[in-house]
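Residue numbers (the working numbering), protein chains in the order written: chain A, 1 to 219; chain B, 1001 to 1354.
Source of the hints: derived by calculation from the structure; they are not laboratory data.
Listed next, the stretches of chain A that the computed footprint assigns to chain B, with coverage defined by at least 3 CB atoms under 8 Å from CB atoms of chain B:
| hint | segment |
| --- | --- |
| 1 | 1-11 |
| 2 | 98-110 |
| 3 | 166-175 |
Residues of chain A clear of chain B, computed beta-carbon distances all greater than 10 Å:
| hint | residue |
| --- | --- |
| 4 | ALA71 |
| 5 | VAL121 |
| 6 | LEU195 |
| 7 | LEU203 |
| 8 | SER206 |
| 9 | ARG214 |
Even for Gly, the Cβ is constructed at its ideal location relative to N, Cα and C.
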Amino acid sequence: MSLLDFARGPALQVALAVFVGGVAWRLLSLLLLPWARDRSVARPGAPSALMGAVHGFVRHLWPPKPAPGNAVFVTLNSYVFHFGLAVIVLGLAQHILFLRGLFGVQWANLPSGLVSAVSVVTLAALVVALAHRLVDPVVRLISTLNDYFSWFVTVVPVASGLLAVSHLGARYETLLAIHILSVALLLIWFPFGKLMHAFLVFLTRSETGILYSRRGGGI
Amino acid sequence: MSERDTIGELLLRRGVSRRALLKYTTYLATVMALPPLASRVMADALAKARRQSVIWLSFQECTGCTESLTRSFSPTIEDIIFDLISLDYHEALQAVSGTAAEEARLAAMKENQGKYVVVVDGSVSTRDGGVYSTSGGKTNLEVLKETAEHALALISVGTCAAFGGIPHANPNPTGALPVSDIITDKPVINISGCPPIAEAMAGTIAYLITFGKLPDLDHLNRPKAFFGDSIHDRCYRRPFYDKGLFAKSFDDEGARKGWCLYEVGCKGPVTYNACATLKWNGGVSFPIQSGHGCLGCSEPNFWDKGGFYRPLSSHAGNPAAIIGGAVAVGAAAGVASALLARRRKQQAAKESQS
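One chain only, chain B, in its complex shape (with noise of 0.2 Å):
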């Protein structure tokens, strides 16, 4: 594959029909809530783009992220559209290392100087100089400050990228931040989630390819399509919540019968994500239909929240302590006070007999 191919001649040389592309970025602007029209204009306009130039750089995480997109249920378009980006960089796919590896990015870096898209997963670590996560002897603070400079736009992918996920999370011991706190003088688009869905980041990024511009972003610069409503608002359990039917644990009637899962501490209704309409596995399942409440895993801060099985109407923390103190001193106040009372007393009973 040369960079000078356009996407529509490596489609049709494995054998991917235009018909094929038509349905597909139908789909994707059925998806993204775009005009009727917008799927003719996306499969012109990917047939005839040219691959573009991707550095992905994994930092603090998993992997998850990188399993989500690149081994999805079955071989789709989004995997060939994938395939399809110059992926210059990619720590756990490319096939170099070392020197080599590190070359192949300052290469890329060159070459696209100002066209190239950063892609990140893995939050940055920062205190002490971001020492506790390094490769080829740079730390990825370093590593992201470089790639960075001359990036035409950086993409967030996960909720550790996003939003400095699990290892954002109290206590925090490397100082975990998210991408968009280091780098503000480039647009970041965040695809949050834990792991993101697969259909998020490729129609984010055909959406890019196709219009050259960011799509409509939330007020946490995630694409509106695919965070838009919350998981509650989307939820075919949510009738269950309208009547006040509830599971109040996991192998209950209600639970049988899959009434809703506020009570086992779902926080579907403060999440954004597309779980709910697009699914996983090929749109088979997502966690609240498979039984389980949802964490919350595209929000910022969703492991400190107060705990995954605590319902959202109930307080965080353990106020018990604080409760308990208030009673003592409130009660000692009052003694107090009662007693200064009774001494006034006696001082004017003793006045009057005086």
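Next up, chain A with everything else stripped away, as it sits in the complex (with noise of 0.2 Å):
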């Protein structure tokens, strides 16, 4: 079996069971778990939950003015490498071609040109929300490997991708297998690190927004 058999294969099939089977567990886990409830009063004109859930999360779209130090183009950055990502994902014909042998739908790709471009932004975006964590002290301070295993685990199939896409490198059916178990490891990694965000970035600000719609002055 050659590489690319491998990673086409059983490192795909297992990485694909272990994120689904990963992200129910979490998911399930944690939204099932006894709530507790609310006793406090609400305060006079608290919207509903479902209001404040989706407030709370449309506020912290954006840092609150005024933005503290270099919060503005952290936040901006940030959005450069998740928007990349999704018109990398999701506009890659290659990347399309494997979502319909996944889900049998399909849509219309991008120019590669395009995507290719989007890539060496969003590669450029993710290192300097690395060198952020680097720099800033309180950031800093506050990572963990986690964070910095999130960060690998998602750069490497964008630059693996980026070079299989040009044929640099290496030839083409090694670059694709690296590109393929670059994501088998993102898959693997995702129910159990920092990037089960994409999943809970919904639960958390908007129980955050239902917690501050209802209590204290709202903001």
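Since each chain comes alone in its own frame, lean on the hints to assemble the complex.
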């Protein structure tokens, strides 16, 4: 069995199984936890829980004014690589084919050159994000191995994919195998590390929004 | 034709001039990326060379490789070169049969001990002692070992001989193996393809005769001159790949416009062969030019790579059952974990009340 056969076959199957199984475990074990009833008296004019959740989520999409330090730049940089990742995953024809194989749906792809350009920008934004994590004393203090490894498993698929689509550095089958294996690593790590925020961000920010809309003065 | 005649004498007798031979060797030297002077060296060496004794063994094969080499689009100098080797044994082409044929093989082996070249097409059955493919009462395995013992070199023609090919495909009922897995003490050159390209075969023989050594080989023992580039890198549809313009099916607008066939399963990016440059039928066309993706037939295990029409970037196999099982296991673990937390909460509440 060649490296590419291994990557496309057993490696990807195990990774997908760990990913969906792990995400199901994380979400259900969290959502089915017993909830403590909020016995505090709601402040006058408090919105419904749903509105509070929506407001809380929207409210956290941008730093509050006056934004402290370089918060606007850091937020903007995060948007760049998040949107970049979405464009890469959902826009490249090869990725759409992979997703079609899983879900049976297909959509129009973006030009490969455009996706490559977005990949370069995404990589640059991810490097800036790492630099900020290393340079900012507060962020560095609260960063753990989990954060750095999550960054690593995100960067490697982008870099290896860029090389594969450009046919640079090695034979295509080797580059494609490395790329698929790096995606497998990302999928395996996803439910257990900080990457789980892709699902949990909706829960945590909504929960915070509900809490803040009910109590205190509101922001 | 006597084996003592040189190829040059035989070519002259057939009306092939030195100029024609030079033109051919220039073409070969160009195809094989040899230095310009090599064409003259090849022409001189070929003209002076004596006919190379070749024993051609056909094992688990469909004769497509022999058809490819002997029935090319029009009679070319490759055919003549092919004719001018001393083909001492070839089951599909020789006139004699039975005991006489086997005696011809043994006689050629004795006369040219240590000098003859063994060409093999077809894979070798090895299960149960190789009984699933026999000839003249001997298994292919026995014939191969016996013939290869005093050979100069072996050439595996076609993917079956080179990598096991279709007989080797899952579940491989005959225990088919490539020649190189059985003969490990002799040089084995692989000219893979299903079938292989005639020029690759003729060029490799011409190189062997001219320089008396093996050409540069890749990691799969294939001549780099013919297997150095991927089909994809030399494909005329490559610009469409780079632009992200793909045919979605074999009869859509993209297919009619000649866009890249990656989405309909083309294996060109991971297949190394000269189809896109040398082409077939006298350079007329090749599968991608005819509108079908490359099957990857010159690569090992091409039959078991997850489907000819499944794109390279998609997963191989069917993970639905595994994923479904994983969701069930993950969900069960999640529910169990939450129930445990609820029980702990109830326990704590009970303890605080008591």
